[in-house]
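Okay, here's what each chain looks like letter by letter:
Number of protein chains: 2
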Amino acid sequence: MAARAEATNVQALIFDVFGTVVDWRTSLINDFTAWSATRGLSGDWTGLVDAWRQAYVPSMDEVRKNPARGFIKLDDLHRRSLEQLAPQFGLKNLSDGDLNYITTGWHRLKPWPDVISGLTRLKSKFIISPLSNGNVGLLTRMAKNAGLPWDLILGGDVFGHYKPDPETYLGAARLLNLQPEQVMMVAAHNNDLAAAQKLGLKTAFIPRPTEYGPLQKLDFEATGDWTIVAKDLNGVAEALGC
Amino acid sequence: MAARAEATNVQALIFDVFGTVVDWRTSLINDFTAWSATRGLSGDWTGLVDAWRQAYVPSMDEVRKNPARGFIKLDDLHRRSLEQLAPQFGLKNLSDGDLNYITTGWHRLKPWPDVISGLTRLKSKFIISPLSNGNVGLLTRMAKNAGLPWDLILGGDVFGHYKPDPETYLGAARLLNLQPEQVMMVAAHNNDLAAAQKLGLKTAFIPRPTEYGPLQKLDFEATGDWTIVAKDLNGVAEALGC
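Chains Z and A, in that order, are what the protein sequence lines are.
Just so you know, we're using my numbering here: the first sequence kicks off at 7 and counts up by one.
Just so you know, we're using my numbering here: the second sequence kicks off at 7 and counts up by one.
For reference, chain Z alone in the conformation it holds in the complex (with noise of 0.2 Å):
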């Protein structure tokens, strides 16, 4: 599928991560589990990461709720998250080092199997970066731990924000030298192209449908009129001509 004349003139594009980029939940479930073998350590891990992943939501809204407490990053409402919920999945007593480690699962999660190929494409003719609501620290180890080839890490502690807060998708473009135009949304999540779309992005859509495992309800197809909709990121390097 080729992309609409508009996309022309986009010089950065940005890329929303967890689901789009990385498979977090399968990533978690097997770095956790084999992980517990060797530390005696057992759980429901599955039901543990999608709590987790429950919480996520709800745990960037108190932030943004509360801007007088300051922002939190997302690797501190990770934690807190997880300490909240591992002792309802037969996780007790987790030691300091434990909890770390369970916690920086989200630094190790492992690419979708287009995502390195298409990166590379679409790095040799534009910018690329992600807008994730993880913060830098988090986002940039995960690049070197999968091998992502990003020209720069964007991450909410940049902005203070999260997605879908204007503040995030505007402080990408202000930063690259860019209107917002000129910049596209990469996602696998209709709402982050809608938030993009508001503000004058371009956006493509990706299809990740087996992002949340059984329980995923939502993004098996674009539900909005977007500039690309392709089946991975080769295919959104394709229409863009890498």
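To be clear, the hints were calculated from the coordinates, so they are not data collected in a lab.
Built from N, CA and C at the ideal position, the CB exists for glycine as well.
Since no wrong hints were added, every one of them can be taken at face value.
Some chain A residues near chain Z, calculated using beta-carbon distances under 10 Å:
| id | residue |
| --- | --- |
| 1 | Ala18 |
| 2 | Ser135 |
| 3 | Val142 |
| 4 | Ala149 |
| 5 | Asp157 |
| 6 | Leu160 |
| 7 | Leu182 |
With chain Z held as given, fit chain A onto it using these hints.
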């Protein structure tokens, strides 16, 4: 030369860019000389480049002294200084396109000969990032043009401050989830390292004795008690066991 034992907990290296990583003076003079021949322009490019760089620190001081006016990114400071200085060097009636081309000369700077190999070695063991007064848009394009293999890009506009303001050094450590003593500042400028050291960062000095051409007055050698002193970035890599 081996690094001192105190360097063993370092996880990230942050680099001064103008002068330390790229040879701004030779790059700009060569770029403008070649370009102006094709444009039928003539002027004293060497004089302009030297005067332009002399306006650099005062222009950042103006921003620092007037916080109520808001942060102004380096690309914009460069443009303002250029417009003021150009007529003094035989460059009159420059078009907006000419002024833009000259201003973005800072996006096309060339690295010193040891930089790509040195950074590539250091990247294998450490997080590597610029910590520059350049803005993110400038530094990102410079990295793509020159092939600088940064893991991420940190510029003055991320922090809303210019070095040597503490917000830059401490902000870099914070974004990287590190304590100041886990971060090493690498620079060819003793004053940059002094500011970093005062805040608890580790330091590495490399000399760039031709940075300012015949105008160079400072920084022929290390004048502080730095963690590492090496001849170039490959020397830093060697000292850190990369």
